Structure formats: C-alpha cells, structure tokens
Amino acid sequence: MKTTVSATINGVAQTFEVEPRTSLADVLREQMRLTATHLGCEHGVCGACTVLIDGQPARSCIALAVTLDGAAITTLEGLADDPLMQTLKASFHDQHGLQCGFCTPGMLMSGWDLLKRKPDIQGQDIRVAMSGNLCRCTGYQGIVRSIEKAAQTAKGQVSQTKGAAA
Amino acid sequence: MNQTLDGRDRIVRTQGVGASVKRNEDKRLLNGQGEYLGDLQVPGMAEVAFLRSPVAHARIRGIEIPEAHKGSVFLASDIPFAKPIVAVSAAKGFNASDYPALVSDKVRFVGDLIAICIAPTRAEAEDIAQSCIVDFEDLPAVWDIDVATAAGAPKVHDHWADNVYVETRIETGDIAAVRAKAEVTVKRNLRMGRHAGVSLEGRGVLAHFNRRLDELTVYSSTQFPHVIRTIMATCLGVSEAKLRVIAPDVGGGFGPKNNFHPEELAVAALSMKLNRPLRWIEDRREHLIASPHAREHRYELTAYADSKGKILGLEAVVVVDAGAYSVWPWTAAMEAGMSAGIMTGPYDIPVYHARAISVATNKSPLGPYRGVGRSGACFAIETLVDAVAREVKREPADVRIENMVPLEAMPYRSATHKYYDSGDYPTCAQMARDAVDLPGIRARQAKPSPDGKLIGFGMASYTEQSAHGTAEWVARGLPVVFGYEPALARFTPDGKLILFVGIQNHGQGLETTLAQVAHEELGIPVADVIVRHGDSSVSPYGMGTFASRSMTMAGGAVSIACGQLAEKILRIGAHLLQAPKDAVTLRDGKVFFGQQSVSFAQIGEAAFLHPERLPEGEEPALEANAVYQPGRSTGAFSYATHACVVTVDPGTGHVEILDYVVCHDCGTMVNPMIVEAQVVGGVAQGLGTALYEEIPYDDNGQPLASTFLDYMIPGATEVPDVRVLHMETPSPHTRFGIKGMGEGGAIAPPAVIINAINDALKPLGAEIGETPATPDRILDAILAVKPAGAAA
Ligand code: FES
Ligand code: FES
Numbered sequence: 368m369k370t371t372v373s374a375t376i377n378g379v380a381q382t383f384e385v386e387p388r389t390s391l392a393d394v395l396r397e398q399m400r401l402t403a404t405h406l407g408c409e410h411g412v413c414g415a416c417t418v419l420i421d422g423q424p425a426r427s428c429i430a431l432a433v434t435l436d437g438a439a440i441t442t443l444e445g446l447a448d449d450p451l452m453q454t455l456k457a458s459f460h461d462q463h464g465l466q467c468g469f470c471t472p473g474m475l476m477s478g479w480d481l482l483k484r485k486p487d488i489q490g491q492d493i494r495v496a497m498s499g500n501l502c503r504c505t506g507y508q509g510i511v512r513s514i515e516k517a518a519q520t521a522k523g524q525v526s527q528t529k530g531a532a533a
Numbered sequence: 034m035n036q037t038l039d040g041r042d043r044i045v046r047t048q049g050v051g052a053s054v055k056r057n058e059d060k061r062l063l064n065g066q067g068e069y070l071g072d073l074q075v076p077g078m079a080e081v082a083f084l085r086s087p088v089a090h091a092r093i094r095g096i097e098i099p100e101a102h103k104g105s106v107f108l109a110s111d112i113p114f115a116k117p118i119v120a121v122s123a124a125k126g127f128n129a130s131d132y133p134a135l136v137s138d139k140v141r142f143v144g145d146l147i148a149i150c151i152a153p154t155r156a157e158a159e160d161i162a163q164s165c166i167v168d169f170e171d172l173p174a175v176w177d178i179d180v181a182t183a184a185g186a187p188k189v190h191d192h193w194a195d196n197v198y199v200e201t202r203i204e205t206g207d208i209a210a211v212r213a214k215a216e217v218t219v220k221r222n223l224r225m226g227r228h229a230g231v232s233l234e235g236r237g238v239l240a241h242f243n244r245r246l247d248e249l250t251v252y253s254s255t256q257f258p259h260v261i262r263t264i265m266a267t268c269l270g271v272s273e274a275k276l277r278v279i280a281p282d283v284g285g286g287f288g289p290k291n292n293f294h295p296e297e298l299a300v301a302a303l304s305m306k307l308n309r310p311l312r313w314i315e316d317r318r319e320h321l322i323a324s325p326h327a328r329e330h331r332y333e334l335t336a337y338a339d340s341k342g343k344i345l346g347l348e349a350v351v352v353v354d355a356g357a358y359s360v361w362p363w364t365a366a367m368e369a370g371m372s373a374g375i376m377t378g379p380y381d382i383p384v385y386h387a388r389a390i391s392v393a394t395n396k397s398p399l400g401p402y403r404g405v406g407r408s409g410a411c412f413a414i415e416t417l418v419d420a421v422a423r424e425v426k427r428e429p430a431d432v433r434i435e436n437m438v439p440l441e442a443m444p445y446r447s448a449t450h451k452y453y454d455s456g457d458y459p460t461c462a463q464m465a466r467d468a469v470d471l472p473g474i475r476a477r478q479a480k481p482s483p484d485g486k487l488i489g490f491g492m493a494s495y496t497e498q499s500a501h502g503t504a505e506w507v508a509r510g511l512p513v514v515f516g517y518e519p520a521l522a523r524f525t526p527d528g529k530l531i532l533f534v535g536i537q538n539h540g541q542g543l544e545t546t547l548a549q550v551a552h553e554e555l556g557i558p559v560a561d562v563i564v565r566h567g568d569s570s571v572s573p574y575g576m577g578t579f580a581s582r583s584m585t586m587a588g589g590a591v592s593i594a595c596g597q598l599a600e601k602i603l604r605i606g607a608h609l610l611q612a613p614k615d616a617v618t619l620r621d622g623k624v625f626f627g628q629q630s631v632s633f634a635q636i637g638e639a640a641f642l643h644p645e646r647l648p649e650g651e652e653p654a655l656e657a658n659a660v661y662q663p664g665r666s667t668g669a670f671s672y673a674t675h676a677c678v679v680t681v682d683p684g685t686g687h688v689e690i691l692d693y694v695v696c697h698d699c700g701t702m703v704n705p706m707i708v709e710a711q712v713v714g715g716v717a718q719g720l721g722t723a724l725y726e727e728i729p730y731d732d733n734g735q736p737l738a739s740t741f742l743d744y745m746i747p748g749a750t751e752v753p754d755v756r757v758l759h760m761e762t763p764s765p766h767t768r769f770g771i772k773g774m775g776e777g778g779a780i781a782p783p784a785v786i787i788n789a790i791n792d793a794l795k796p797l798g799a800e801i802g803e804t805p806a807t808p809d810r811i812l813d814a815i816l817a818v819k820p821a822g823a824a825a
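Read top to bottom, the protein sequences are chains A and B. Following the numbering used here, the numbering of the first sequence begins with 368 at its first residue and continues without gaps. Following the numbering used here, the numbering of the second sequence begins with 34 at its first residue and continues without gaps.
Just chain A, same shape as in the assembly (with noise of 0.2 Å):
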C-alpha cells in the first residue's frame, strides 16, 4: 500500500508515493536521485546519510518518509550554496579531510549544523561531537583539523563583514 507524500527538498515542493517501510534515504536516492546522501549501515549508527529534517541533523536511513508529510528536508546538495558549507569543504580540501569520500557527505551535513551551534568548538570537543560519524579511512584527524580549520575560517569571515559593516 503506498502513500502519498508531500515535502519541500532541498527548497523544491515535491510529491511522492511510498511504501509504510520506505526510508527517507531511499526516496532521496532512488527517486530523486539526489546520491550525495550516502548508506553505510542503513541502521541508523554510521552517519553517512545524515540529512536536515527541519533544519535537525538526522539519519535518513530510519526516517520513514510516510511521517515526513510537510517536512523541509535539506541534503548536501541542497546546500551547495550556502557560505558556511562552502567554508567547510574548502577546509575538508585544504586539511585531507577525506579519503575515499563515502562518509564525507555525513561529516560535512554533521560538521556543518555542529558549527552551527557551536562556532568556536576545538579539538577533543569536536572529536566527541562528531562520534556519531563513522569513517573508515581518515582515523577522524583530517575530519578534525578541517573543523577547526573551518570554525576559524568562518569566524574570520563573520568579523570581516562586521568589519565592512561598522
């Protein structure tokens, strides 16, 4: 039995049928082939498809698309613009944040709201805000760097346009 929903990706307005069981992650892969939204357990402990769901860090892969009527669901693409996530993966770049590049996805949708919320987080601090992330290849110490990195970038950038401002 399929049901029809309705949410707002990535800004756009869009309708779509799903089964009761269907993941959030599948709906954006399969049917909006928005792929940027990676799986790596699809138990909901890896991190890898960490999607907004209202502007909430999430998993996709245990959100059941049926409950997302009228949700605003932002993925990485959805945020290709956006000047922090801009800054984030120019750290990413710039401090080997990524190897293989499967998690990455996960670690700059995480990276992103945790700067969020915390703009000046350091070190072991983002180690244990960031553990709900799994990687496999980088051992966390380019992920870690490339946060910091970023934090600093952005608050860089955020006194240059008070600067300009004042």
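It is worth saying that the hints were derived from the structure and are not from the lab. One or more hints might be untrue.
[What the hints assert, rightly or not] Only some residues are given here: those of chain B computed to face chain A with a beta carbon under 10 Å:
no., residue
1, 285
2, 539
3, 542
4, 746
5, 754
6, 807
7, 810
[Stated by the list, open to error] Calculated lysine-lysine pairs in the DSS-like style (CA-CA distance at most 25 Å, straight line):
no., chain 1, residue 1, chain 2, residue 2
8, B, 426, B, 220
9, A, 483, A, 516
10, A, 522, B, 60
11, B, 60, A, 516
12, A, 522, B, 55
13, B, 275, B, 116
14, B, 60, A, 483
15, B, 220, B, 601
16, A, 516, B, 55
Quick caveat, the model's predicted, so the values are computed rather than measured. Ideal placement from N, C-alpha and C gives every residue a C-beta, glycine not left out.
Assemble chain B with the ligands onto chain A, guided by the hints.
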C-alpha cells in the same frame, strides 16, 4: 636544478614528487558528486537480494519457492554455465575447494549463497528471499580451529581427508643447537580475533548487457577490475574481449574488495542469462557475516635467547582459521603463509623454524585485509620480544633495539628468505621511543596514581614488504603473478594530459599523486592532469590497488611514459621556437627558450592537428605507453616503530590511549600529506583490531556480531591524535626510491597496544595475549593472577 635519485638533473617543482599537493579528486567527492556503485542506475534494472544460508553447515534437501515468486528466484540450476571459483596455491598438498556462485548441495557457512531473488526494489527482493523455505539436513558445525582439527571432526569439504587446506614449513638454521645453548626460553600462546574489513561502502555489483558492443558490462566495487575480468571470463565461459569490468568510485577497499566474489559471478551470470540489468548492493549485515573476513590467528611461539635478551632462535606455529572456502586469487594459504614468512620482522634472528597451518571451518572465507598476515606476525613477535625483556628484567625498548638488523647489515636477507633492501630500523625505533619520553613514564609508574589506573608504555616495530613483483608472487604460487603495472599517458590536442592506469583509486589520492609524477617529468600543472582508472576498457591491463603497490608500480609506469613524452615535447617545442633542443626547458605547461615559450596546447595542436608543424621525421600524436617493473621484484621494505602510552583501569578493564607516535620510513614520499593521512587511517583500523573489532561465533557456527551495534569500529573519540615522524631512505630498486605504505599503519597497533597493556599490568603480574583486548579479557587476565575472592 638538483640531482635526483636516478642521477638526472631535474628542476625542483612545488607540485612534483615530495610536495603536499591538495587532492584533485576532492572536488567531486565534497560536492556529493562521487559516483559509487549504489548511485548507478540502468534502465530496466532489477534489484538483487540473495537468499543466504541461515545455518553454518547443512545439506540442502530442497528449496521451496512460493508460487507467486516463481520467476523471481534463481538457483544454481538456473546458471549451470557458471563455473565455481577455485583458488589453488602451488604449495604442495594444497586442498582445493570449489566456491560456487550459488550452492546446490550443501551450505558451509552462515551467509553462503543459495538463491538470487530479484524485484524492482531491494525491500521487495528481500521479502521474496524471506518467503523461500529451504529444507536443511543439519550437520555439526565446524565452528572453531580446535573443533576442525579434533580427531573425527565433521568435514567442511567431504572429499578432503581432514579440515586442513595446507601446512607449510620454514626451517632455517639449527634449532636444536639454539635450544641447547639458550640461557632463556620464553613461550607464549597468542590469539588474534576474527573480524571484518568494513569499508564504509559495502560491496556491490551491477551487470548489464550492452547490445551494441555485444559485451557484458559489470560494475563492481572492486580494487582490481582487470583481474576480475580475467577470472570472471573464465568462470562465465566467455572471452575477456566480451566483458568489461568497471570499478566506479569505491568507498574504501582495505582488502575485502580485492577478491573475486561469488556475488560478482552470480549477478553477472544471471544478468547474462536473463538479458536484464541487475544490481546487488551489500548491506551491513551481509558485509559483517559474509564478506571475506580478516585475521583469526593463533600462535605458539618460543624464543631462545641469551641472558641479555638477544634472541638466538625462534620457533613458531601459526594456525589460521581460513573459513569455508579458498578465496581467489589469494588462496586460503595466504594469511598463515605471510605471517610465518615475515615473523622475524625487523630482527636479526638467524635461526627460525615455523609451521603455517590453514584450517577450514564453517565460517566466512578469510581474505586479505590491510596488513595481511603481517599484523598478526607483528603482534606475535612483538609481544614475545616484550616477554623476553620482562624475563631478563630489562627495558623492552632496549632489548628490541639491540635485536634489530643494524644499519650496516643492509641489504639483509632474513631467515624467512626475504631481502630487506634498505633502512635503519634501530634509529627509527629510537626516534619513536624518544618521542614519548620513556624515562618520564617510568618515573610516573614508580608512584601509584591517585585514580588507581595503571599506566603502560608499549612499542612495536615491523618491516613491510611492499610493491613486490614477479619473484615474490611466483614464490607464493598464486594463480596470477602481479609483476608489473602499465600507464598510457595521452595528451589531448588542447594540451591537457590524461593518464590511463591499471590501478584503482579508492581513497589513496592516486588521482593526485600520479599527476605529481607527471608534473615531475613534464612540469605540467597537477590540475591539468586527469587520471583515469578502474575501467578495463579504458586503461591498459593492470593489476589494481593492493599490497601497498600502486604508488611504486603505477608511479614508475607514469614516470617512464611521461619521460618519453617530455623528450618529444622538448623536440617539438624547440622546433617551434627555432631553438636548439638542449637549450629549451619544461615549466608550467610550457616549453621555454629564454623568455620565449610555447604552451603544451600549441604543442598538442601541432602534434595532433598540424603535423606539418612538426620537426622533420617526428611522428604525429602525443602519447606514450610504458610498463614498469621495479629493479628487484622482491619488494621494497617500508618499516616503522609505533610507540604508545595507555592507562588501564584495573577495576573496569578499560584502556585509554594517552599518546601515540609513529616513526616510519616509506622511502621517498610523493605526497607527505597523503602519506601521513594513510598512516593515521591505518592506525585507526589497527586500533580496531587491537581493542574493539571481533566477530565471535557460537558453537552452532552463528556469527555473534552482525550490526554496528554489536560490532564496533573506532569512532572519533576512540582514535587519539597520532603524531607521525618521517624518515626517508629511498629504495635503491624503485623509481624515485618510493616504497609502498598504504597498509603499514594497520600493522603495528595490535602489538603496541598489547605491549602497553602488559606493561601496565606488570605490577599485578598479569598479562594478556589476545586481541581485541576487551575490558572482559583484561579483567579475566587480572583475575587469573589474583587470589580467589580478591576481586573487587
Ligand atoms: S546509513 Fe544511516 S546511519 Fe548508517
Ligand atoms: S573517507 Fe572513506 S569512510 Fe571516511
């Protein structure tokens, strides 16, 4: 200008060999535009779910497919043309196993493939698999090495005499004489647990028939597409010319994607038969129970030493649980053979006798995983070296360093017949030791800590054969000899360079480092170089990425090919500039004569579109093919010492890592940023082996860890900030002096962590000899030496 390692004058370039260039491949991956197996769709495609055996060992009496799903479920009898995968080692007496695409008579492990179910979605395909009923006649499960080797044990392969794939021996020197003269004899029994490889992306296959080309195209998340094409053609009974294997972006490999899997064969065969695109995406449970597993070693070791701890001789019995089938091409003998074959590691131990035994059980087949065999060997010898040091009451660091092959003995032939090409093992070990302030730790250990935690220092060293070529693979008796690597370097008429290579890049940064090699030869900006890999129809035949070989091997090939192009470009450039050839130089994608220059675009245009502009006798076009083999095919030996400081809570058995240092030498580093990150990533995986990762089996042969809830890989809080120190001793036998290093980081952590734990437990008289060192195992070790009733 400076002298390079091969004696040629070369301009020092900021993007060439030795520069920490940022990666070319990052952009698409950061933008979520990587294309992994699960991102591919082909029109008309059906999804595959496998019906896998839920039991470890049973005969199949019948399979009942519900009426509604007939036509969606396919058995071995539906793909009779698919031949089983047979991986036979040339070692004498090797027992061969048939690993079929789908089993028909008997299942041999939980996860063995019984049927292929297809549907429009994975969920529906899984429903169909669930609805099938298999009538099993249960057989006793051979779930452990001891069960497998007991007298009268049930047999995994009915036609064998016992459950042993093969036993091999190494006997170097007179062990009886050493036994007689040793002042100290130290014995240890050690175990390394079974675990999984756990690339974050699981395995996957998509097969479809290309009507126009009359060719079956198989996408697979694999580390070696060309080699897969070869074996798949054999198993399908088709010509390689009618088969194309493509590895798209691959989300981590680490060895489990370096085998020919029955899933690859099954999906390809059924797609061929149905003439329909099929896709299988492995889920995490399948990966944990049914991808080729890692490790599961047991060691019985005896060191014979003098009273100072100098090891005079070593005896080893290495027993590996190789699981139900021999994986192709490595065979079931690889893990035990490699472990026994590198056991003496960086040590000058002249007398060595070993037996390496590979046992068949009803578990997932064992395959290569980062470090292959050497993680176990390092764990074994390094635990033993520390035990020897404790026995002679000396500092383990000193005993370790005194036993090492000294610099002046290089090159060195080991008791296992390995040829260590170069390196300074003692200096490396000293650097690691000094980086962690050993005297300070010893002082802290002398006073009890307020929280009751015990502090421990550990050290472990290894030497790693990398980029080995023909001689080594012939010696191992494998079905394929991975002796070389090709490169085709091709300019486009607009002056960009495309490198077509046979390796496969899945996180190692090869789309950048191979471009750096091209830059080294041609002065072309790294950003102007595209590296194409992973497609058997695009690249020349190559062996893929494994065994820490790609940088050395493909780097060598790219260097030769680009060197040839550099000559041609200089000739054309000089001609266009009307300058003598020896007066022009290459820089920034241009040929310079004084201030005047022509760009590679102008040269490409002349070479491809305007041959009339070329010098007399110059052939049009601008491409070169090269094949590289290292100067010696016995391998370039990287090495390292890891040192760490831990605390052990004797009340909970919990281990915390306070400091972790790696001092390593992989010869010339092409990109130090990438090298360092490979080391750190390897260490994280090794810490998983050391402390967390394990798939135990119960006595029914059921795997007890099958999700990320009961199988733990290290997260960001489990991995410390690793400090990496570099040494650079170029290999005399490879282009630029490169040695391979992709695996090394994962080799030493189990050893170093166990040594640190044992150092911490020393005041209690307790010792642990098993990985993963879980809190339970540590508490057991403590309780084993505490008087009864004394436990808190
Ligand atoms: S795929 Fe969703 S948490 Fe792993
Ligand atoms: S970069 Fe490969 S899993 Fe994180």
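Status of the hints after comparison with the structure:
| no. | hint | result |
| --- | --- | --- |
| 1 | 285 | 5 Å, holds |
| 2 | 539 | 5 Å, holds |
| 3 | 542 | 7 Å, holds |
| 4 | 746 | 6 Å, holds |
| 5 | 754 | 6 Å, holds |
| 6 | 807 | 19 Å, violated |
| 7 | 810 | 24 Å, violated |
| 8 | 426(B) to 220(B) | 16 Å, holds |
| 9 | 483(A) to 516(A) | 14 Å, holds |
| 10 | 522(A) to 60(B) | 23 Å, holds |
| 11 | 60(B) to 516(A) | 18 Å, holds |
| 12 | 522(A) to 55(B) | 23 Å, holds |
| 13 | 275(B) to 116(B) | 17 Å, holds |
| 14 | 60(B) to 483(A) | 23 Å, holds |
| 15 | 220(B) to 601(B) | 63 Å, violated |
| 16 | 516(A) to 55(B) | 15 Å, holds |
In summary, the structure is inconsistent with hints 6, 7 and 15 from the numbered list given earlier, while agreeing with the others.
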